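**Student:** Residue-level listing of the chains:
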Amino acid sequence: MIINQSSVISYQLSVWKGTWALIRYRPGFFWLSVAAAVYAFGMRTVPGWLQKLFFDRLTGEASVALNLPTILALIVAIEASRMIVDVGGNLSAAKVRLAGQTLLRKNVVQNILRKPGALPLPISIGDALNRLDHDLADYGDFPTWIPEIAGHAAFTLFALVIMARIDGLITAVAVLPLIGVFFLNRFAWERLMRYHRESREGDSAVTSFLGELFGAIQAVKVANAESSAMYYLEKLSDERRRRNVRRGTFSAMAFSVADHMGDVAVAVMVLLTGAAMARGDFTVGDFALFSSYLFFVARFPANFGSYLSEIASQRVVLDRVQAMHPDAPPESIVEHGSIYEGAYKQGEFASGKFASLQVANSAERLERLEIKGLSYQYSVVSNQLSDDPSLITDNRLLNTGIANVSFTLPRGSFTVITGRIGAGKTTLLRVLLGLLPMDGGEIRWNGEVVADPAAFFVPPRSAYTPQIPHLFSMPLRENILLGLPPQAVDVDSAIHRAVLEADVAQLEHGLDTIVGPRGVRLSGGQVQRTAAARMFVRSAELLVFDDLSSALDVETETLLWERLLAGKQGSRGARRISLLPCSPALYLFVVSHRRAALRRADQILVLENGRLAAQGTLDELLVHSDVMQELWHGKANGDE
Amino acid sequence: MEDTNIKQSLKMLWRYLRPYRRKVTLLGLLVLGSIGLQLLAPQTIRRFLDAAQAGAEGRVLTGTAVAFFIIVLSQKLISLLSTYVGEDLGWAATNNLRVELAAHVLRLDMGFHKLRTPGELIERVDGDISTLAESFSALVVQMFGNSLLLIGVLLLIFYQSWVYGLIGMIYVLLMFGVQRAIRPQVVRVAGAVRQGYAELAGYLGERLSGTEDIRANGGEAYVMARLYPIMAHITHWRLRDDWLGGLSFTSSYMLYVFALAATLALAGNAYLQGNMSIGTVYLMVYYVGLLESPLKYIRRQVSQLQRAYAGIGRINAFFQIEAGVRETAVAHLPTAAPTIRFENVSFMYKDKLPMANSQLSIANEQSPISNLQSQTVLHHITFELEAGKTLGILGRTGSGKTTLTRLLFRLYDVDEGAIRLDGVNISDVALSDLRQHVGMVTQDVQLFAATVRDNLTLFRNYDPQQAPISDGQIVAALETLGLGDWLHALPNGLDTMLQADGKGLSAGEAQLLAFTRVFLRDPRLIILDEASSRLDPATEQLLERAIERLLRNRTAVIIAHRLGTVQRADDILILQNGGIVEHGRRTDLAANPTSRFSQLLQTGMEEALQ
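Chains C and H, in that order, give the protein sequences.
Using the working numbering, you'd call the opening residue of the first sequence number 1 and step up by one each time.
Using the working numbering, you'd call the opening residue of the second sequence number 1001 and step up by one each time.
Treat the hints as calculated values from the structure; they're not laboratory data.
Among the hints, a few may not be true.
Derived lysine-lysine pairs resembling DSSO-like cross-links, with alpha carbons at most 27 Å apart [to be verified]:
1) Lys1011/H <-> Lys235/C
2) Lys1023/H <-> Lys1007/H
3) Lys1076/H <-> Lys1296/H
4) Lys1007/H <-> Lys1296/H
5) Lys1076/H <-> Lys1011/H
6) Lys235/C <-> Lys1023/H
Keep in mind the model is a prediction, meaning the values are calculated, not measured.
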């Protein structure tokens, strides 16, 4: 995975710190659930005691004040009160759990969105979805183990006291093996943790592959690779089965050892009580009490042990979550903030209250943008969660960084970046916009250094159309607006500028047409122009296009350039701009090798192996730059 | 309806279990053994108590205690074994189900896929089935085993006395009655919960792949704002789910308490009247308690099953969606480069699209809300392309160029007319046969997070029914296309893992890899769809020779948006609004000044002179 090494955060969020933050997120419900569990579990000792009284009363071996109907009525009453409290406690715990899970999901998604946008997720989308679903669910659930453990501990404590008061020796000897369970459980920890991690990796491999497969459906069909892909899926699934079975069996083994110990305790008790009962020191009622308590007491070390094991699992979970956004501060995933859960009932979501964004006041007028010594190198970090050496890919070989690129863009200029494949054109745009974190250099906006390009280069300062734009499966209008209030912007002229009006008119539902996942309902050219409209509607000072016309036919492309540059008046030297009604954008910055663009450019930057090889107007460059000549004359007949 | 659902589920389960009959039998035996021992253990305790009460010797008591210990230990061991076998079976069976469902989904039309995000499909194909896999061993072992245990305990109680048996029966029946009463609610709530998760996965999947667009256009707040209602929906329904779970637990536990109290009252009375030994009183209490534990498991499994119902229903619903493109393999294609003939072909997209995006209600698979006629249609297309020739297709966006090539692959079937390759109607040919003969490179190159080798062969080497592609062939193809240096620089050669979505590769390199794929498959008919649009002229030139080699002795259709790309075409076809406006030899059309083609050339020239 590609990570900018310098910025990887090396500390972790401790399991407890995170858990404490989640507890404090819904403290009322949390403590309510703890109190309820302590009552419901702790009171569980009473019916056992009442049963003892019942047997003692029957056998007449001890004097019992209560008569039989009273004992039975008490058993029913106490159990009923326990159940009522238990339901309340469980619902409180559910509140804690669900709020925690939602908060985690909110924070992690936000972190992913905040990372430099062009840095790939370190894991595949399918895997990320798996982690956002299951790993976060696990961690959000973790605080609600506490009430259960606390309740069980309360019961165990009460039970031990009662048993010890009946017969201290038998209690001590019977409980002794249980301490062994605790240590066994600790011993199994590391293994459990490893198996857990491995089975999760197996899960991820399958979901990732399915995601890629369904994302590439047409390519797979066309390449007749459906059945081959299924064989590969079978291979991945089989590995997953192996890992899950191993984990499942091992954890069952750990649990059943614990259960054996519980039965050992009962068996020991049976052995010890024989003589005492024969002597009459130990009544049948005592026996009933001991055996009823011991089974539940015996589960405590196992329960507690698996709670401790769960802490280890949560470490894995947190690491997996952190791996989704290595640059974000680890504690940010439990940062408190509203999750708007009440709004669901009140129908506020339907009213669109949350979906509208403020239109920012126009940005400071851009006079001059200076770039000095901009550098970015793709670096390589091994996949921390995997021992597989083949996953370590040297991306320097696959992608070109940029080194020490400097240039200046004056107001109103139209600049084109060009160069061969892999020369670093797209990388340069991304680093400039903060979509990739720069390794060196500085950017000045009207002479002021831009400290955080990622936060700075957003509308209304800049807007961007990537080389392969992503649209979302929602109406065309929403894809263009991305939350801007429709009444505050001019969608129609953005569509006109993007030469999209004829296409919109052809759609049956016009702007309300849902474009399908990733915009598959639209052609490649329509997707690009929709993305262009999305950029125009944001009325930004700096417009950045990456290869806008690559999927357009000649006529559409011509129209697009005409409308785009309609504001530029006079000759190339004049650099005067008239404000367009739709967008006051003053800066155009395009990567292209298209002649139509190169011919219109005020200045051209030629990149070669990540460095600025030449700079100037087309005429100058055609004389002085070999690369430019090659690019211009590359094809015998030209492409336009 | 629920019963048919159960039947359906069992039928489905059995279909995937059948190949593992032996393991199923073994599992059954293990479960039976474990139950027998569980029933036996309390009997030993009764003997112990009665003996102790009668003042028996320590040796007898010790012997009974040891027997109890051994019985319990063997029971645990057997139950551990059955967990292993059950887990293994569960994963094996559901893996097969998953592969079959994935294969089915892959076969479905593009129209289906246009409606669903990959994230949603993952949730449907993997999420629903994994719920089954995880609950399977529990489901079969616990459900089946505990039902038997329940029956066994009831029989033993009846054997003791019908009165206690009756109490036990009433207890069990009431408990099942309560479960039955709340089941419809549980199923409905579980369906809403799963729908919420599917929606969440679909939503996030799309947004996570578009972070660059979102980030640079200030869309973060909007993405978050749309996420809250989906998460709130999940919370809302999961709380109801928990409430129902609590209700079910509480009511059945209270039933147990009543049954226990009744048993204690009756047995106590019988003891006082001298009709029952104290050991038997204890045994009765023990057995009523023993009834509670299988019932607890069954109840838990039933609710798990109810959750799985929602999943099974959704899985079945997917299986019932049929591909619009039908397989009728009655003819075979010849192996040489074919002649293509379109005979009066008409086509219109019949994909259905929902109007509203919110699918928070449980959506019906078969009836999306509105029927959107796609903009692109083809009317009465007739033309022929000779074997070994190259056709260049021109036309504006939306004129039907891409649609035409999709028909050639039978991603959709024609409404009218026929497409023939060497006279064979392609709708009479098996899809796999057809697609083996046709290769395509589009500008959207799909790469997998897999090795370079698997990406280039598209996993063919895992398929035992197909001839594997050797590394030598792959290396040769890469070198032919000028990727030799790129390959040698890879740290693990062909075993190097590529990243999902081709991240880490430039668009040009990805494109070259796509060419390599087609080279390796060696089809007789090639379709290039705007294939070179992302390449700079210098790299494009590198590709030219390779394309030339690829097109040699093959029939080819090239879709191009730029005139330069069609210079190599023998014939030219210009489409407009789904109809042919011009078709002929490129040289003829170029020579005719009134042709649309030469006008287009003219536009291009003017452009070049500007």
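**Student:** Now tell me, hint by hint, if it's right for this structure.
**Tutor:** Results for each hint:
1. Lys1011/H <-> Lys235/C: It holds: about 26 Å lies between the C-alpha atoms, which stays within 27 Å.
2. Lys1023/H <-> Lys1007/H: 22 Å, holds
3. Lys1076/H <-> Lys1296/H: 19 Å, holds
4. Lys1007/H <-> Lys1296/H: Holds, at roughly 23 Å.
5. Lys1076/H <-> Lys1011/H: With a Cα-Cα distance of about 31 Å, the restraint between Lys1076/H and Lys1011/H is violated, given a limit of 27 Å.
6. Lys235/C <-> Lys1023/H: Distance ~21 Å between Lys235/C and Lys1023/H Cα, so the pair holds.
Hint 5 from the list above is the single one not met by this structure.
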